[in-house]
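Starting from the given sequences, assemble the full structure and let the hints guide the process.
As a plain string of letters, each chain reads:
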Amino acid sequence: MRIPATYYNGAQSQGDAVTLHVDGEDLIITLPSGNETFCPLADISAEPPLAGMARHLTLYDGSILEVDDHPVLDHWLKPAGRIEAIANWLEQRWPVALGSVAVTAGFLWALYAFALPATATVIAHNMPQAWSRNIANATEELLLRLGFGPTEISQERQEALRDGFAPMIAALPDPERYTLEFRKGPPKFGPNAFALPGGRMMVLDDLVKLTDDDYEILGVLAHELGHAYYRHPMRGAIQLGILGFLAAVTIGDTSGLASIPLIAVQASYSREFETEADAFAAQAMRDANISPDALARMFERLRDTYDLSGNEAGWFASHPALNERIKAARDAAK
Amino acid sequence: MTTDDTIARGADFGSSGTTSQDQVMPSERRYAIQFDATGGEYFRIWIVNVALSIITFGIYSAWATVRTRRYFYGKTSLDGTPFQFTAKPVPILIGRVIALAIFGTYSVLGQVNPLWAIGFLFFVIFPLLPWMVVKSQQFRARYTVWRNIPFRFTGTYKEALIVYVGFGVLTIITAGVLLPLLWKYAAKFQFNNLHYGSSKFSFDEETKGFWSTFWIAAGITIGGAFVLSILGSLLGLIGGLGPSISPAGLALTLVMVYGPLFFAAFFVQVRLFNLSLGGTSLEDVGFVPNMRVRGWAWVQLSNVLLLIVTLGIAYPWTLVRSARYKLEHLELVSDTGFNFEGFADRSKVGAAGAEISSDFGFEISLF
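Protein sequences, first through last, are from chains P and W. Each residue of the first sequence is one higher than the last, beginning at 1 in my numbering. Each residue of the second sequence is one higher than the last, beginning at 1 in my numbering.
For the record, the hints were derived by calculation from the structure and aren't laboratory data. Hints may contain errors.
[Stated by the list, open to error] With a cut-off of at most 27 angstroms between alpha-carbon atoms, the simulated DSS-like pairs for lysine-lysine come out as follows: (1) W:Lys348 <-> P:Lys78; (2) W:Lys158 <-> W:Lys348; (3) P:Lys78 <-> W:Lys88; (4) W:Lys208 <-> W:Lys158; (5) P:Lys209 <-> P:Lys184; (6) W:Lys208 <-> W:Lys88.
[Unchecked claim] Just so you have them, the derived chain W footprint on chain P, three or more residues with Cβ under 8 angstroms: (7) 62 to 68; (8) 82 to 89; (9) 94 to 107; (10) 168 to 175; (11) 196 to 205.
Think of the CB as a built atom: it goes at the ideal place given N, C-alpha and C, for glycine as much as any other residue.
And the structure:
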């Protein structure tokens, strides 16, 4: 068996068209002139195969033979690099590629579902209070710029709500972390309440005006207290930050375009946060001798007052599956 | 501006003769670079690389690097002969471990006390920077082989110090205005110190166009942002950054902020590719780069779109597309063919410098 090759001696860039065959333990190289030269097979180091590309065989004197990849080469030569041989076998196969996608996806999912939330929780709980306060201030400044004004809720009503809320806060470790503010929000925010980083909570006038039943408002406040207690705002921000960084590093895109899909990713985290905050609210209300049914009534009120599909989704814009949550609050009330 | 635009290597070659008759050179031949990589083929290599790297806790990544480079080099041919990437995985792994140790030290110091990290950056990393630049260029050149003759890089620490630290600091002090000088001297440093066998590349310092590239890019960025922000505020969509950001508002904001910046970046990339390679020659071999801003912008933007739509799965295709565009817009001209001689010294080059510089994002790359 003779196969064609190009011989490059390393001293000049011109190559010679040669043919190769094996005789015993030697590779015989037939030059264009018809003359023959040889190299012991044991002294040849062959480039491991890759994607069926031309192979380069390095001879004992540093000259190389460039050969189209041919099965006979692997019979002639000692196997080159076991790792690369396995890699080459794997790379040729579409089913392996699909399996690799599964391995990679599984790994990324594990990072996303376990490692990332755990990391964010650790960071959020060990972050200096001053940092989260700074971030809360920046967020509040942004909200003010969006048209948040001083509250129009009567002093008496504010006091009543604060008095009802105080025992829930007092029951927590480190109660001075948590503060509550009343604000009038721009119309498009609707009946809304937020937890900001650093334990700061904000409730909007439209929400307070929605009902005369203070217990229902306290239900919402308990829910926000749950967010603050679990440091959801900070954890969410940290998770998004880490994800954005990873996306930028892996995609090599520092422009921020990579962060667009992350908004969707974050939505599933926030669903978990909501469930956690609801459970916290039910417990905190029971501890304060308020039936969690008040929270269920508030959910129903929100559902009935505002068109879910409309623009004014307000407090439950990021609070999906409302009926499930009403049921959960009712169950907790039993 | 138009005179700058013509990266006329042809004119330079024309004047290499003694009489004006030499302007038409019948013996001059053009050589296109052939690039045969396909997205599907590289996808299989890439995804196996990723999966094996995960399973082996990153150890396989050195083999992955070698196989990726070997694939791209091997699929690139000049005059019918493919390039070879000849570095071995184990030295790359060692380099990577060293780089990781240094980067790890930096990160840990940053956790303990940010001041220490800054000190480490200033007193350890920055002095190492020129060394890393030199080492990565040496590494890249040494393990790029064509027709059994490796490339070589002979730039020195001192030169790298002057170019990247000296002009780098000057650029920062002048708020970026001296950037064109940094571009030009970086191109000179890279190409004037490059050898193929015993032949030396040379970069023509008279190459014009670095300054106009800078001013046009600055004009695009500032002018574009200005026009788009007026347009945006007219549409009243900027204010829509409430809790429920509308997709249209978000898209428009992104376009406004990044659109002109992106376009300026594409413009600079294309211009620098054309200017750097256009000013370079290897004895009688000249380079005729002809990347176009529109074509390159299309490749890059459609790549980003592909990545978003496929959640990153299209990454191998995007790499192949970018490489193909560049290589298909580079021709070589020569009137004697490619007759070069090898260089006796083939000593090895360590990978640590290259690995550290890519960790810290200082990598300089043509591919």
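Coverage of the stretch 94 to 107 of chain P by chain W, judged on three or more residues with CB within 8 angstroms: holds (count 9)
Restraint check for Lys78 (chain P) with Lys88 (chain W), where alpha carbons must lie at most 27 angstroms apart: holds, 18 angstroms
Claimed coverage, the stretch 168 to 175 of chain P by chain W - three or more beta carbons nearer than 8 angstroms: violated (count 0)
27 angstroms limit on alpha-carbon distance, applied to hinted pair Lys209 (chain P) and Lys184 (chain P): Between Lys209 (chain P) and Lys184 (chain P) the Cα gap is close to 11 angstroms, so the pair holds against 27 angstroms.
27 angstroms limit on alpha-carbon distance, applied to hinted pair Lys208 (chain W) and Lys88 (chain W): violated, 40 angstroms
Lys348 (chain W) paired with Lys78 (chain P) [C-alpha distance capped at 27 angstroms]: Holds: Lys348 (chain W) and Lys78 (chain P) sit about 25 angstroms apart, inside 27 angstroms.
Pairwise hint evaluation, Lys348 (chain W) against Lys158 (chain W), where the allowed Cα distance is 27 angstroms at most: Roughly 21 angstroms separates the two Cα atoms, so the pair holds.
Given coverage of the stretch 196 to 205 of chain P by chain W, tested with a Cβ cutoff of 8 angstroms and a minimum of 3 residues: violated (count 0)
Whether chain W covers the stretch 82 to 89 of chain P (at least 3 residues having a Cβ closer than 8 angstroms to its Cβ atoms): holds (count 3)
Verdict on chain W covering the stretch 62 to 68 of chain P, where coverage means 3 or more residues with a C-beta closer than 8 angstroms: holds (count 4)
Pair hint outcome, Lys208 (chain W) versus Lys158 (chain W) [Cα-Cα no greater than 27 angstroms]: holds, 25 angstroms
Of the hints listed earlier, those the structure fails to meet are numbers 6, 10, 11, in rising order.
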